[in-house]
Amino acid sequence: GAGVSQSPRYKVAKRGQDVALRCDPISGHVSLFWYQQALGQGPEFLTYFQNEAQLDKSGLPSDRFFAERPEGSVSTLKIQRTQQEDSAVYLCASSRYPNTGGETQYFGPGTRLLVL
Amino acid sequence: AQRVTQPEKLLSVFKGAPVELKCNYSYSGSPELFWYVQYSRQRLQLLLRHISRESIKGFTADLNKGETSFHLKKPFAQEEDSAMYYCALNPSNTGKLIFGQGTTLQVKP
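So the sequences go chain by chain: E and P. Heads up: the first sequence runs through residues 68 to 183, numbered per this note's numbering. Heads up: the second sequence runs through residues 11 to 119, numbered per this note's numbering.
Since the hints were made in silico from the structure, they are not lab data. Each residue gets a CB set at the ideal place from its N, CA and C atoms; glycine is no exception. Take these hints with a grain of salt, some might be off.
Listed next, the stretches of chain E that the computed footprint assigns to chain P, with coverage defined by at least 3 CB atoms under 8 angstroms from CB atoms of chain P [unchecked claim]:
id, region
1, 81 to 90
2, 172 to 181
Far from chain E, by Cβ distances over 10 angstroms, these chain P residues were calculated [unchecked claim]:
id, residue
3, Glu18
4, Lys25
5, Val29
6, Gln55
7, Arg59
8, Ile66
9, Gly68
10, Lys75
11, Ser79
12, Ala98
13, Asn103
14, Leu107
15, Gln111
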């Protein structure tokens, strides 16, 4: 079946531009996560949705970062006034159930963002 | 602080040699640990989790609470094992995975 998809796969932005990154989770998956992966590092948690509710946004690095999942399926991560330090791969992951531990997270291919 | 450490950025072995990818964690509670793998041009995927005590593709990992380690082992490496491997901690069953920096495994013919 179809896995998690993300678009665009690559995005080049000028410093100060706003960007929007899209994630299509596996159909029916309740939980959705966003991670940021800087070059040479492991992924770092940004935010978590259970259906349409954003239950945890403790990893968002600044108020320039905003995420939503209005209908409990597709999610968008928006970055306003991009800075060079925002350059990274943004990963989306989904899992079938509300996170109660032991759930497998299925990752998308990521969006590689380069801010010039 | 909750942390996962993978001390080796690169591990290079010959085909047929044993492999051990090191992972140490810092966590005060009962840990839930995973190994994820990313093959070239593929997405990150789960390899194994400690609660399942399973062997996947010949890999095993044992949780050692005394040494706070969760090393990944395989007795005989294959060329197709070449990939980036990440150890991850799920603190308090939150799903907020904490990843190590990753180890690139290179298996030479």
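Can we confirm that no CB of chain E comes within 10 angstroms of the CB of P/Gln55?
violated, 7 angstroms
Check the non-interface label on P/Glu18: least C-beta distance to chain E beyond 10 angstroms or not.
holds, 13 angstroms
Coverage assertion for the region 81 to 90 of chain E with respect to chain P, Cβ distance below 8 angstroms, three residues required:
Coverage by chain P is violated for the region 81 to 90 of chain E (0 residues, Cβ < 8 angstroms).
Taking C-beta pairs only, is P/Arg59 more than 10 angstroms away from all of chain E?
violated, 7 angstroms
Confirm or reject the statement that P/Asn103 sits farther than 10 angstroms, beta carbon to beta carbon, from all of chain E.
violated, 3 angstroms
P/Leu107 clear of chain E by more than 10 angstroms, beta carbon to beta carbon?
violated, 6 angstroms
Three-residue Cβ test at 8 angstroms for the coverage of the region 172 to 181 of chain E by chain P:
holds (count 6)
Was P/Lys25 rightly flagged as not at the interface, with every chain E Cβ beyond 10 angstroms?
holds, 27 angstroms
Since P/Gln111 was said not to touch the interface, does its Cβ keep a gap of more than 10 angstroms from each Cβ of chain E?
violated, 5 angstroms
Beyond 10 angstroms from each Cβ of chain E, as asserted for P/Gly68
holds, 20 angstroms
Claimed clearance of chain E by P/Ser79, with the beta carbon kept past 10 angstroms:
holds, 17 angstroms
Against chain E, does P/Ala98 keep a CB gap of more than 10 angstroms to every residue?
violated, 8 angstroms
The structure does not agree with the numbered hints 1, 6, 7, 12, 13, 14, 15 stated previously, though it agrees with the rest.
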